[in-house]
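Work the whole structure out from these sequences, hints included.
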Amino acid sequence: MRAVGAWLVGCAFVTAASIPFLSAQRMGARNDARVRRLQAVWAEGKAVPEVERALSLRVARLDGLLASWETIGGCGAGSSNGAGGGLKWIGHSVTGGLFQLQTLATYTHLSDGYNVSFNTQVSWDMGEKWNAGLSVPLLYKYYRDMFGLTPPVDVSNAGVGDVAAFLTRRFGEINATSLTLLVAAPTGVHDATFRTIPLTQEKQLGLGRVNGSLTLDHTIDKTWGLIVLGGSFGYRGGQNELGSYRAPVGAIYGYTGYFSGPWVPSLGLSLSHFFGVDRDRGLDQEVQLSAVTGTLAVEWSNDSLAILAGVSLPVGWQKRGVVDGAANADQDVALQPWTAGLGLTISPF
Amino acid sequence: MSRLATLLRSPWPLAVVLGLGAASAGLQPSTDGDIWWHLAAGREMVARGALLFTDPFSISAQGRPWVDVHWLFQLAVYAINQWLGLGGLVLVKCALIGVGASLLYFALEARRGSWARGVMVTLLVAGLLAARSLLLVRPVIGTLVLLAFFVFQLERFRRDGRFWRLLSLPVAQILWANFQGLSALGPFVVGAYALGALGEASLGGLPAWPFAREGSRTLTPWLRARALLAAASGCLLAMCATPFGVRGVALPAVLFGRLLPGEHQVFAQQVAENLPPFELERLSGGEFWHFKWSLLLLALSVVVAGRRLRLSHALLLLGFGGLALLSNRNVLLLYWVAAPICALGLAPTLRHLAVSRFRTLGLRFAVALNALVLASLLLISASSAAQESTLAEPSPFRVPVASVQRLSTLPPGDVFTADHHGGYLIWQLYPHFRPYIDTRLVLRTADEFAEYLRLADEPERFAAFQKRHGFRYVILPVMFPERYQRLIAHLYASAEWKLLFTDGGEVLFGRRDVTRDVPEQPLAETAETERLLTELDARFARLPKAQRAARLSLATLHGLLGQFAQAERALSGVETPGARALAARLRFAAGDLVAAEKLARQRLVSDRDDVGSLNLLALIALRRGEASQGLGLLRRALRVRPFDPEATQLLANLEENRR
Chain A
1 MRAVGAWLVG CAFVTAASIP FLSAQRMGAR NDARVRRLQA VWAEGKAVPE VERALSLRVA
61 RLDGLLASWE TIGGCGAGSS NGAGGGLKWI GHSVTGGLFQ LQTLATYTHL SDGYNVSFNT
121 QVSWDMGEKW NAGLSVPLLY KYYRDMFGLT PPVDVSNAGV GDVAAFLTRR FGEINATSLT
181 LLVAAPTGVH DATFRTIPLT QEKQLGLGRV NGSLTLDHTI DKTWGLIVLG GSFGYRGGQN
241 ELGSYRAPVG AIYGYTGYFS GPWVPSLGLS LSHFFGVDRD RGLDQEVQLS AVTGTLAVEW
301 SNDSLAILAG VSLPVGWQKR GVVDGAANAD QDVALQPWTA GLGLTISPF
Chain B
1 MSRLATLLRS PWPLAVVLGL GAASAGLQPS TDGDIWWHLA AGREMVARGA LLFTDPFSIS
61 AQGRPWVDVH WLFQLAVYAI NQWLGLGGLV LVKCALIGVG ASLLYFALEA RRGSWARGVM
121 VTLLVAGLLA ARSLLLVRPV IGTLVLLAFF VFQLERFRRD GRFWRLLSLP VAQILWANFQ
181 GLSALGPFVV GAYALGALGE ASLGGLPAWP FAREGSRTLT PWLRARALLA AASGCLLAMC
241 ATPFGVRGVA LPAVLFGRLL PGEHQVFAQQ VAENLPPFEL ERLSGGEFWH FKWSLLLLAL
301 SVVVAGRRLR LSHALLLLGF GGLALLSNRN VLLLYWVAAP ICALGLAPTL RHLAVSRFRT
361 LGLRFAVALN ALVLASLLLI SASSAAQEST LAEPSPFRVP VASVQRLSTL PPGDVFTADH
421 HGGYLIWQLY PHFRPYIDTR LVLRTADEFA EYLRLADEPE RFAAFQKRHG FRYVILPVMF
481 PERYQRLIAH LYASAEWKLL FTDGGEVLFG RRDVTRDVPE QPLAETAETE RLLTELDARF
541 ARLPKAQRAA RLSLATLHGL LGQFAQAERA LSGVETPGAR ALAARLRFAA GDLVAAEKLA
601 RQRLVSDRDD VGSLNLLALI ALRRGEASQG LGLLRRALRV RPFDPEATQL LANLEENRR
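These protein sequence lines map, in sequence, to chains A and B. Numbering of the first sequence is given in the numbering used here, commencing with residue 1 and proceeding in unit increments. Numbering of the second sequence is given in the numbering used here, commencing with residue 1 and proceeding in unit increments.
Hints listed in this document are in silico derivations from the structure and should not be mistaken for laboratory results. The structure presented is a predicted model; accordingly, all values stated were derived computationally and were not measured. Don't be surprised by glycine CBs; every beta carbon is placed ideally from N, CA and C. It is possible that part of the hints are untrue.
[As the list claims (entries may be wrong)] Residues of chain B clear of chain A, computed beta-carbon distances all greater than 12 Å: (1) 161; (2) 244; (3) 293.
[What the hints assert, rightly or not] Simulated crosslink set (DSSO-like; lysine-lysine; CA at most 30 Å straight-line): (4) 498/B - 467/B; (5) 545/B - 222/A; (6) 545/B - 129/A; (7) 129/A - 292/B; (8) 467/B - 545/B; (9) 222/A - 319/A; (10) 467/B - 292/B.
Structural data, given as structure tokens:
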């Protein structure tokens, strides 16, 4: 109460700052109503009127256009150990700058801990057909009571994951199809230990070998929104010098987003399959070879800034692997760790 | 302690960084249309040995009273230009910005452990960089320095209570009043501090008084209030000390009145720099994206300041915030004044967050983060400056350099120009050639300005206007701004006018009866397009961005005149979104709907929100009778940008035709 002066001034500035948003909402609603009225009139069978032929030759922007949004999460140790951790950014583009800078923070909830990653990508358009970029993941992995000791000992591992470079080629008359090759260098530590005890490979920051992926996307543009269909194949590095192995993975997916002014809510479904069982220092790890992942996200954007928030929940089956010497192969369907993400992108200059 | 450590602990390194950062934000070639008539006025005053009280330069205001309160600025810039040239003017401008920023820096108290100065440096450099387009070679630069001086003296007085600091303000006010119409800000700033002190003196004893103390205990609140009121009165009186007396004092009020929006207020609605920033953002987009975020940051800073906020500072923020909301040109003033106040609000909270929880690690992290942000800003500033053309010449496309050169070889006569071209014509060719109008809009009535604007929007009116004035020449820009494109097409098709010169960015028309011996430029010929392209490529060889813009402008000009093959030739090799968007529109204008649709859809894949392409696709669909598809596309465009002028106009046209 004694700071009421500051609060009043603060409220005045918040009110002023909200003017563009509120006026856009109001104008948007008015425009929608006007368009609906026209639709109703024409639905009655009245002829579509002739519109003026003259069109301004003004083109609003002269600057370079940035790359379209690419898959976030991607390959390398930045993604979770399953196939369902990735969020695909579906929504408007941020345009107008020389390059695009994008950061996505994800939190993956594990039964015995959590993984947090900050994946930063910078990309450039090289003409109309090509785009190239770099991806740098920062990882923080935390595991509770890892050894079942009393008192319990928690373990964390943090640092840079596998840094990746990617190249995208667009195809088709209107560039609706794109093929992205991503190659990650083994920059993440893959042999971290806790008091001389080696951490298992999913707790490491990298695999220690070059890995990569190939992704094919096709975008169908609709007046109400967009649909993205695609597939990817990921080579996760194979076997490293410690005898740890990560199996290749393939996925097909479909996403759809609805345009509602600056907001784009989207949902998607992805089906993935691992072509083999992961091994840690020669021992099979328990994995579910197949998974279907549902993703729900919403993006807000303006010309220079876009923010995305989303969650994904994978459901896996085809459990495989040999744990503690006992064969383990059942068909149990089970939920896998869920992931929540918050991303930001800007296009400076 | 080593000498280096001693130096780093002193306030000077940060002050120097701020000065350089602030100065670098202004490092760009002159883009403004005003500077030219300022220079011409300075030259004229020197030639006459007297001040100017009536307009000698333009046709439409010839002989009218001119309250030229900028006379001191004009003499100064003329002298600098004679001595150092246009590049020197820009460098002096940058130096003044740096000096002003340093004054603001030293206005903040240097208390041990205070982060206010460090935070302020980053905020101010960021603000100036964001408002870079407003840092023009104009009297407003003097206003920035004087504002900083006022804040410096008032903050110092707040701390030490020395009266002589206030005595310097009316003296500075006399200088300000003879420099720019914004000099009324001087009494306003002093008045804000006086009101703050008055509020504290009368109500500060109440437990519920929600503001911080206005000053140290060296003076009683009433004595402080009386001293500040006297200083404010002194500044008001000092405003009268101009060669223009009461009219000089009234000028700020007249100018302020022209900023007030209203349905019939042509100056508020049609002059780009007078538009409210949010409205400008709706129409063009991009330039003021930062404004709403800055307002939110200001809100955050005052809320976290809580009872540390002073009433005087709150009044300054509200006053300058109101001015900025009224007119985008004032955004710069808000950022300038708000940066130190915002820093005072944020710094203690940031320090508390970092140090109280994380101690030395938090301190180191915060210092490193601030340094990183500041370094990034300086890098952006340097990068922006490096992409600019030479400071010694005007910014490309802004003034009709080539047309004026061509005009200087032709018989003298009156010229119809775009308003922002008028000043350059005056500077280069007065008195042999005079423009109809320039950007001294204070010399024009609202009706006159509205009539002038209608000529661009409804070019069929130009013949009657021409009969009244008998212009011999017309000079217009093609794309910067694009407002005159219809008039260009109209004059090109007219039997009375012929194109004497164009380089694609500007056009010079001459009346056929007075330029019989002057050859017409054969723009319709392919060879001429090739010649122009070669010339433009050579002219902008070191500026690829300007080179592309020049080609785009030439293509636009060809398109306006129905020369579509030449337009496409001009666009060949330009792989920018703007070029692709223009190519789509050129195809549409040429009647090739299939190709136009294909190009527009290509743009949409790259940028799903490209409203221009959505508008074009909507038009194509409607032209084909696909009403549902057309309306769907139009709705999508309007959802992305509800105020888009083209989309809203298309919707209005459809509603009109329905009736």
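Hints, one by one, checked against the model:
1. 161: Non-interface label on residue 161/B holds, nearest chain A Cβ at 24 Å vs cutoff 12 Å.
2. 244: The claim holds: residue 244/B sits with its nearest Cβ about 35 Å from chain A, beyond 12 Å.
3. 293: Violated, since 8 Å does not exceed 12 Å.
4. 498/B - 467/B: holds, 17 Å
5. 545/B - 222/A: violated, 33 Å
6. 545/B - 129/A: Cα-Cα ~20 Å, so holds.
7. 129/A - 292/B: The given pair, whose Cα atoms are some 35 Å apart, is violated under the 30 Å limit.
8. 467/B - 545/B: violated, 41 Å
9. 222/A - 319/A: violated, 39 Å
10. 467/B - 292/B: violated, 48 Å
The structure shown violates the earlier hints numbered 3, 5, 7, 8, 9, 10.
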